[in-house]
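These protein sequence lines map, in sequence, to chains A and B.
Position 83 of the first sequence, counted from 1, bears residue number 1301 in the working numbering, the numbering being contiguous throughout.
Position 389 of the second sequence, counted from 1, bears residue number 1626 in the working numbering, the numbering being contiguous throughout.
It should be emphasised that the hints constitute simulated quantities derived from the structure, not laboratory data.
Note that the structure is predicted; figures quoted are calculated from it, not measured.
Accuracy of the hints is not assured; some may be wrong.
What the hints assert, rightly or not - Which residues of chain A face chain B? A few of them, derived with a C-beta cut under 7 Å, are:
1. Thr1284
2. Phe1294
3. Met1354
4. Val1357
5. Ile1358
6. Ala1361
By construction, the Cβ of each residue, glycine as well, lies at the ideal position given by its N, Cα and C atoms.
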Amino acid sequence: MESIVLAIEGLDGLTLSVMAAAAAMIFAGIGSAMGIGYTGQAASGVLSEDPDKFGVMLILVSLPGTQGFYGFVAAFLIILKVGLLGDVAAVTTAQGLQILGAALPIAFTGLLSGIHQGRVCAAGIGVAEKKPEHAMKAVIYGAFVETYAVLGLVITIFLLNGIQI
Amino acid sequence: MAISRVLKVHIACPSGVNGKVFEELQEWGKLEIFSKKEVAPDDSGKIKHTILELEFISGYLKNYKQKDSVWKKLNEGLPAVSSSQLQKIKKTTDVRKDYEDIRQSQKYLRLIHDRVEDAKHRLDQLREIKNIKLSGKNLTTKKTKTLIVRASQQAAESINQSGLMMAVEVSSGPPAILAVTFFKKDEKKVSGEIENLNIHIFDIPADKTPSEEIQSLEKIIKSSENEIKEIHKKIKDKYLKKSFDYMVLLDYYENFFMRETEYKKALATRYTRVISAWCPDFLKEDLIRLVDGLKAGCHIEFEEPSEEDDPPVILKNGTFSESFEVVTDLYGTPSYRWVDPTPHLSFFFAFFFGLCLGDAGYGLILVGLAVWALKSFKISASAIKFMKLILFSGSASVVAGVLTGGWFGDALDGVAVIERLRIINLMESPEYFLYFSIGLGFVQVLYGQLISALEKIKRGFIKESLYEDFSRILFVIGVSVFMVNSIALESAFLGKASAYLSGLGLFGILFLSGHSAKNIFLRPLKGLGNLYGMTDYFKDMVSYSRIFALGMATAILGMAINEISKQLPAMAGFIGYIAIPFVLIIGHLVINLLMSCLSGYVHTSRLQYVEFFTRFFEGGGKRFTPFRNVAKRVNFADK
Chain A
1219 MESIVLAIEG
1229 LDGLTLSVMA
1239 AAAAMIFAGI
1249 GSAMGIGYTG
1259 QAASGVLSED
1269 PDKFGVMLIL
1279 VSLPGTQGFY
1289 GFVAAFLIIL
1299 KVGLLGDVAA
1309 VTTAQGLQIL
1319 GAALPIAFTG
1329 LLSGIHQGRV
1339 CAAGIGVAEK
1349 KPEHAMKAVI
1359 YGAFVETYAV
1369 LGLVITIFLL
1379 NGIQI
Chain B
1238 MAISRVLKVH
1248 IACPSGVNGK
1258 VFEELQEWGK
1268 LEIFSKKEVA
1278 PDDSGKIKHT
1288 ILELEFISGY
1298 LKNYKQKDSV
1308 WKKLNEGLPA
1318 VSSSQLQKIK
1328 KTTDVRKDYE
1338 DIRQSQKYLR
1348 LIHDRVEDAK
1358 HRLDQLREIK
1368 NIKLSGKNLT
1378 TKKTKTLIVR
1388 ASQQAAESIN
1398 QSGLMMAVEV
1408 SSGPPAILAV
1418 TFFKKDEKKV
1428 SGEIENLNIH
1438 IFDIPADKTP
1448 SEEIQSLEKI
1458 IKSSENEIKE
1468 IHKKIKDKYL
1478 KKSFDYMVLL
1488 DYYENFFMRE
1498 TEYKKALATR
1508 YTRVISAWCP
1518 DFLKEDLIRL
1528 VDGLKAGCHI
1538 EFEEPSEEDD
1548 PPVILKNGTF
1558 SESFEVVTDL
1568 YGTPSYRWVD
1578 PTPHLSFFFA
1588 FFFGLCLGDA
1598 GYGLILVGLA
1608 VWALKSFKIS
1618 ASAIKFMKLI
1628 LFSGSASVVA
1638 GVLTGGWFGD
1648 ALDGVAVIER
1658 LRIINLMESP
1668 EYFLYFSIGL
1678 GFVQVLYGQL
1688 ISALEKIKRG
1698 FIKESLYEDF
1708 SRILFVIGVS
1718 VFMVNSIALE
1728 SAFLGKASAY
1738 LSGLGLFGIL
1748 FLSGHSAKNI
1758 FLRPLKGLGN
1768 LYGMTDYFKD
1778 MVSYSRIFAL
1788 GMATAILGMA
1798 INEISKQLPA
1808 MAGFIGYIAI
1818 PFVLIIGHLV
1828 INLLMSCLSG
1838 YVHTSRLQYV
1848 EFFTRFFEGG
1858 GKRFTPFRNV
1868 AKRVNFADK
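Next up, chain A with everything else stripped away, as it sits in the complex (with noise of 0.2 Å):
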């Protein structure tokens, strides 16, 4: 225990406020190819058969592919609030863990919700196959998913916002 905690105090602010950025992205990102995945698999199927129905399952292919999204806006804010594109902020390593704590809703809330809206969406897609005038219903349940990666973001957001450099 005593170790990590010296392991952490090693490490300056910037460090972790880069290593909360990349956890943002990657975990979102993760998230969203997964869920990608599965649906694009699920659609490739229904297109062997009837390459015609390509429209109407975009977008429940596309839709897990939001989240990656909002790991990309997370990221892009702790890269302003630490101004990795300009002049770089002085980020002690008390300030660095909170940008990593702000970070982590949006890491963790993109990664499962994007994998689970993936699975949704690939069982939407037997709708679209079938009934394919009813396919944004199927689209609707897939956002009852995403609702959660939404308000990780909304608390990353107001975190970060909160977070004082």
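Starting from the known structure of chain A, arrange chain B on it as the hints suggest.
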């Protein structure tokens, strides 16, 4: 602006003129025919056969036709056909004959195609042994027989070691071509041996050498291919030019089939047939005029739908609200005896979408695209509604963008006019946007409850309205004002007033809202359950924070795209400068605009369905489906 009143109408006509009346009613296309008589469509009748034949012809001719581009379809819409054109097409087209002819041609083409494939396969084999100058006849003597085979080295050795055959190499491999000779008397044994050795025996015709056979096969292929070309040319010349006629006839016969099916549903006596239908109340006079104008001796009678009836639902809204019927349709059809949510959700939908997108630049693009599509393309009525939805929602986004200073992210930050119009800076004070979003939730949730309360009063359920809806409204307002006052305002008057309101609401929920329970001791228990359900109201309001999150995501992503393009020259020098327009266009239009529109549409819809509709919506209605000519491929202009 609501659900239209619908009447039951019965039109009794002499049997002789009934077909004509049906035709006229189908052309008019404003009635939904109903019948207690269940009649299955006659799938074995002559008309159905004609439809199937036309579908076959149209499908087959698609192989010869270039597909019309989406652009062309949007620009030109469905081609118009006058009734004289239709009559001419009907007169000059013998569907049965054309079908038979095309079907025969298709069968014959398949035969020739198989013949060519067979010949090509044989040709491939014979080319391996083209140097053998012997025909099948020459390979057999009185006592011996010779086979030409393709075999591996190992198989060749096995043949020679068998003692039954002798193999001589004709051409070297691998695999080698061998002449295998054996005595006719050993033929059975040899066959068994050869089967085990996995070798290929070439089939050489009795009276031709391989090279002669190759020549004749090449001739067959060439003549067959010419034949195929001829048949394709014949189909193209004879039928392709008539493909439009087939489309016209397909639409005509499909509508005819629909009419025939509906016709059979009408109740009939020996001399009379009665058409029963649902008629929109506002078209009652038009229908009377139409039937009188036919001078067919028909009698028409209207009646109000009874309590047991389940009339179809017609949504009738103004230009603004009707664009949002697509949102209602997606959820389901409201009950005929309740309220149409479309006019109530229309403003909220446009406004919330505008806030989710929250960028004036993107909003202008949407408005431009919608206006362009509406002006330039010939699109269906539902597509027009959707384009108008984009137009109104895009306009709301322009307003939201102007007020938050969002123009393609932060591209125009610092411009004097933009700064003067901006009333909130999302990056500096995002919390106000969040409070505003939750405040919108408060307004919409209460508005939904108010719709329920007023609808109940309108229908005479005054007790239900006061006990169930108004007590909830008072409680939510009281608690919300109390919370805001305690955190921010700290006004003694508001504190007291909100406490009274909450208390009144609480009393109503606990002791009155359970009034429907027959057992009076159960009523407070039911009220307690209703009080627990009040947490949903506050949970739902928090759900509106998604408007904030999506609006912020669009703004920050836009900023990021601008920042990346600014950094490009420093990162990649001259190439960086060239890449800037691509990054800006792809980033703003392809990524941010598309993604934000998708999220905005989906999440705004969800707010209507889950948070708003649950307060007052009653579904279970069925949409009015008029008996009319359906224009799938062509538009019958006179009709």
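Structure-based check of each hint:
Interface restraint check for A:Thr1284: the shortest CB-CB distance to chain B comes to about 6 Å, inside 7 Å, so the restraint holds. Of the supplied interface hints, the one on A:Phe1294 holds, with its beta-carbon coming within about 4 Å of a beta-carbon of chain B, less than 7 Å. Because the closest C-beta pair between A:Met1354 and chain B is about 5 Å apart, less than 7 Å, the hint holds. Look at A:Val1357: its Cβ gets to within about 6 Å of chain B, closer than 7 Å, so that hint holds up.
About 6 Å separates the beta-carbon of A:Ile1358 from the nearest beta-carbon of chain B, less than 7 Å, and the hint is met. Annotation: A:Ala1361 was flagged as interfacial toward chain B, and the flag holds, the nearest CB pair being 5 Å apart, inside 7 Å.
Every hint, counting from the list given before, is met by this structure.
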